[in-house]
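Each chain, written out:
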Amino acid sequence: MIQGLIKTLAGAAVAGLFAGPLLAQDSKVSDEIAKYREALADGNPADLLEVKGEGLWSEKRGPKNTSLEQCDMGLGPGKLEGAYAQLPKYFKDTNKVMDVESRLVHCMVTLQGFKPEEVTRNWYSKPGTESDIEALVTFIGAKSNGVKINVPATHPAEAKMAKMGEYIFYRRSGPQDFSCSICHGQEGKRIRLQELGNLTTKDGAGFAMKTWPSYRVSQGAVWTMQRRLIDCMRQARWPEPNYLADSIIALETYLQKTATGTVMETPGIKR
Amino acid sequence: MKLKIALFGLCTAALAGSALAEAPGGKYAREAEQMFRASFRADNPKYWMSRLEQDETMKTCGEYRDNPPRKIGEKLEKLNKASIRYPVDGKLIGDWKEGEKLAAVGTGGHIGFIQPDPAGRVRGGNCYACHELAKKEVAYGTIGPSLNHFAKIRGNSDEIIKYAYDKIYNSNAFTACTNMPRFGLHSWLTPEQITHIVAFLMDPESPVNKD
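These protein sequence lines are chains A and B, in that order. Sequential numbering of the first sequence, starting at 13, is according to this note's numbering. Sequential numbering of the second sequence, starting at 49, is according to this note's numbering.
Hints were generated in silico from the structure; no laboratory data involved. Careful, some of the hints might be misleading.
What the hints assert, rightly or not - Some chain A residues near chain B, calculated using beta-carbon distances under 10 Å:
no.	residue
1	K76
2	N77
3	L123
4	I180
5	Y182
6	R183
7	F190
8	G200
9	I242
10	D243
What the hints assert, rightly or not - Quick look at which bits of chain B chain A covers, simulated, 3 or more residues with Cβ under 8 Å:
no.	region
11	77-84
12	117-128
13	167-179
The beta-carbon is built from N, C-alpha and C at its ideal position, and this holds for glycine as well.
The task is simple: from the sequences and hints, build the whole structure.
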């Protein structure tokens, strides 16, 4: 842990060094950004959150004074190894396709007795306000590090969700005529200097999905996939979908299905 | 027998073709639209929610994954061409320095409860997000073509000036379902602001053409 912290500090120092060359030629700039990422990946602040999440998972909490250790994330009660990589999936007990976050909230409500609005109040962290969900999702995600994403969407309800996600991916609206596909439907493009992945291919979707949850340097926080996609909607100048909305789970199902077979590298670190 | 096999092959090929051309969402498209619309808080202001409305162009482009058959594309282009409005004084070239500023501004227009733009935030054209323009700005995107030396290459005839104005006002008048926003149609930019960006592209003194 301490070693990780030292690496984080070293990473931050290296990041400072690389701030200068950003003004150089663009190919060089991409190289430098890649190096910057590499340096930061040595010590990821998300590691701290992962440890916090581990504690929250096994701690007896809520009105029922119970831990989350009997929570079934899709592989059986308490089985977390590889669980993140096979979500979203259909759950018989709720008759719904659920992602990691909706399933986690379900467990906090059913096992620990929390009210849904109580556990989701801080679904993302703000300066000075931490988020238990962020910590727990980082912990659960890390349990799939090195595991292949596996969302074949073979159950009819999953296949339907993936199709609905595809619909939303191509749907254009708003004062800029945006859709997800505008920026993420072609190969080798950039917005300003930020490289854009083609999320309609296995490689592109895999590269994007394998590193979530991810520490975002520009935000100084770990973002979950729900947070990531809801912010995409904001960037598209649309209203924000609700946290855990089916439309977000549908998009996740579509992307995870496309990314299936890619090895997870999480928690990640991004711009 | 051979004919039958050949016919079977043809049918299979046709089926495969139509499967590829299936609209996103397939048979669940309508349900997906309802699900998407049901994803938002009830207390969203009405004018925020209006941003989810789709005109014919948006709807059709989505259905064809932004690659409509030419006949449908032509129809959309005609429809969009008819939407273009011009400044009252008829002048299509404004101040290139103002245009340079607008080309760099990528803020504005964000709504929502988490991270909306503060009221009165300047809204720009954000041209550099997708296009190379002045050589000195290296942080440009590549979703659209390079526009460096725009007038140096194309000349500055009235036709080119009008083309630049029309394209920014409504990009779909030329290429249906292009990635480029329709800045004038949505009043994202005013006709006057568009003339400034046209000047940035056309003026021989503008860094787009000079450097």
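Taking the hints in turn, this is what the structure says about them:
1. K76: 29 Å, violated
2. N77: 33 Å, violated
3. L123: 27 Å, violated
4. I180: 6 Å, holds
5. Y182: 4 Å, holds
6. R183: 5 Å, holds
7. F190: 7 Å, holds
8. G200: With a minimum Cβ separation of about 8 Å from chain B (threshold 10 Å), the hint on G200 (chain A) holds.
9. I242: 7 Å, holds
10. D243: With a minimum Cβ separation of about 8 Å from chain B (threshold 10 Å), the hint on D243 (chain A) holds.
11. 77-84: As far as the region 77-84 of chain B goes, the hint holds, because 6 residues have Cβ atoms under 8 Å from chain A.
12. 117-128: Per the Cβ count (0), the hint is violated.
13. 167-179: holds (count 3)
Comparing the model with each numbered hint stated earlier shows that hints 1, 2, 3, 12 do not hold.
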